[in-house]
Structure formats: structure tokens, C-alpha cells
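Colleague: Those protein sequence lines, which keep their order, are chains A and B.
Start counting at 1 in the first sequence, then tack on 79, and there's your number in the working numbering.
Start counting at 1 in the second sequence, then tack on 56, and there's your number in the working numbering.
Hints should not be assumed to be uniformly reliable.
To be verified - Simulated pairs of lysine to any residue, SDA-like, Cα-Cα distance not exceeding 20 Å: (1) A:Lys133 <-> B:Leu159; (2) B:Lys97 <-> A:Gln185; (3) B:Lys97 <-> A:Tyr118; (4) B:Lys97 <-> A:Asn86; (5) A:Lys117 <-> B:Lys97; (6) A:Lys84 <-> B:Phe95; (7) A:Lys180 <-> B:Ser139; (8) A:Lys84 <-> B:Ser99; (9) A:Lys180 <-> B:Asn157; (10) A:Lys135 <-> B:Pro161; (11) A:Lys117 <-> B:Leu102; (12) A:Lys117 <-> B:Ala58; (13) A:Lys117 <-> B:Pro161; (14) A:Lys180 <-> B:Cys69; (15) A:Lys117 <-> B:Gln160; (16) A:Lys180 <-> B:Asp155; (17) A:Lys180 <-> B:Thr134; (18) B:Lys97 <-> A:Glu121; (19) A:Lys84 <-> A:Arg96; (20) B:Lys97 <-> A:Leu90; (21) B:Lys97 <-> A:Thr190; (22) B:Lys122 <-> B:Ser139.
Source of the hints: derived by calculation from the structure; they are not laboratory data.
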Amino acid sequence: DQQVKQNSPSLSVQEGRISILNCDYTNSMFDYFLWYKKYPAEGPTFLISISSIKDKNEDGRFTVFLNKSAKHLSLHIVPSQPGDSAVYFCAASPIIQGAQKLVFGQGTRLTINP
Amino acid sequence: GAVVSQHPSRVICKSGTSVKIECRSLDFQATTMFWYRQFPKQSLMLMATSNEGSKATYEQGVEKDKFLINHASLTLSTLTVTSAHPEDSSFYICSAREDRNSLQPQHFGDGTRLSIL
Numbered sequence: 080d081q082q083v084k085q086n087s088p089s090l091s092v093q094e095g096r097i098s099i100l101n102c103d104y105t106n107s108m109f110d111y112f113l114w115y116k117k118y119p120a121e122g123p124t125f126l127i128s129i130s131s132i133k134d135k136n137e138d139g140r141f142t143v144f145l146n147k148s149a150k151h152l153s154l155h156i157v158p159s160q161p162g163d164s165a166v167y168f169c170a171a172s173p174i175i176q177g178a179q180k181l182v183f184g185q186g187t188r189l190t191i192n193p
Numbered sequence: 057g058a059v060v061s062q063h064p065s066r067v068i069c070k071s072g073t074s075v076k077i078e079c080r081s082l083d084f085q086a087t088t089m090f091w092y093r094q095f096p097k098q099s100l101m102l103m104a105t106s107n108e109g110s111k112a113t114y115e116q117g118v119e120k121d122k123f124l125i126n127h128a129s130l131t132l133s134t135l136t137v138t139s140a141h142p143e144d145s146s147f148y149i150c151s152a153r154e155d156r157n158s159l160q161p162q163h164f165g166d167g168t169r170l171s172i173l
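Isolated chain A (complex conformation) (with noise of 0.2 Å):
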């Protein structure tokens, strides 16, 4: 049971675009969503964070949205650029007692063009 999705994985934008990576979850249990971005033989970096109580959270060129009532999440990335090409990954965890149990999508692979 694949409690986090991520339907899409790879996606390509040209440079200077809009990129928009979505992330649909089914636990109505969770509390906070983060994304991550990793390259390769790294670990996923930390990106950006949201918690339920709230629907957009805005961090430089970083946006991410959350549609509880949808359970689906969007990171947005303006304007993309070529160092963003990268393998993003969402994460969504209840929060209970302070504890996070964190639970991955599969990734999407952005690559941005010249």
C-alpha cells in the first residue's frame, strides 16, 4: 500500500519556466509534508516544509501547496534552473507525541534544459 505517490516519475522544463512536481498522499493522519531533493550518491537534502495547519509555505524560488481536502501536494520551482535538475522526493508524516514517521514517494526526476 503506497500511502505516498509520486505518479510522475521523471519531468522536463526548459530553463527560466515554471516546474511543478505533484505529490498525492491517502493517510489523513498526516501532520507535515516535506520535500526533498537528491543528487545522485548524495543524501536527499532537505528542501521545503508545510504543515497541515496551513496551505502555501514560500521559500525563494520554492513553493510548496497543500490541498488537504484533495490530500495532494505541489512543490513549484520558479524560474527553474539548470542546478535543479535533480531526483525530488515528497514526504508526509503524522505527528504524534512529537514522533515523525516519515513516509517516501517513489521520486520524479527534473531536468532542466538550457
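Given chain A, put chain B in place with the hints provided.
Modeller: Relative to chain A, chain B alone:
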């Protein structure tokens, strides 16, 4: 900031060997660290939550006696794969979280590729 170091990055050893993997938070304290495993073409799966000064909390289906976790200090957790066999070959990765509040993100090490011959 928020750097997590994991060592070694790659291990190749014979069946029956025990292998220890270290996870250190370099510039912050982490009461809680996490150990994940990744099978080919699958996403990261949480194995256990490592708690400083107390026993680890294991996820369902993870053998406690096979995967020994020690969280001896606020900056170090170790995972020991005991009497490793070929089916234990996998990618293992740790993460650590600053203790300020429950909404702090986890920061990951670069992982350890374990190959058991």
C-alpha cells in the same frame, strides 16, 4: 548548517560478518535519529527510530536482533547489521532531526551501500 555524516559509504564483506554503520550530526544535537533502508527501485523505508539514552523503536517487520541500534550520545547513532547475509545487501541511510520541536525536518546522511557476498 544541519550536516549529517554517515560512515562508511560502502561496505563489501563476507556472509556472517557483522557490520557497523555510524551516523553523526556534526553541527546540531539530535535526541532522535532515524534509520532507513532502500531496496532497488523502491522508496526509502523507515526501519527504526533511534532515541538517545533509550531503546530504539523498530517498525513492523524489522528484526531487532538483526539490526542493533545504539544511540550513545546526542550526536551519534550506530546501526549494526549482525551476522549479515546476502539478503541484507541494501542501501542504508540515516537521518537526524534537531530537537527544537516536532516540525523540524530530518537531515540525511549520504547513505551506506552494503554488499554481502
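Colleague: Could you tell me which of the hints above the structure violates, numbers in ascending order?
Modeller: Result: hints 7, 14 and 19 break, sorted rising.
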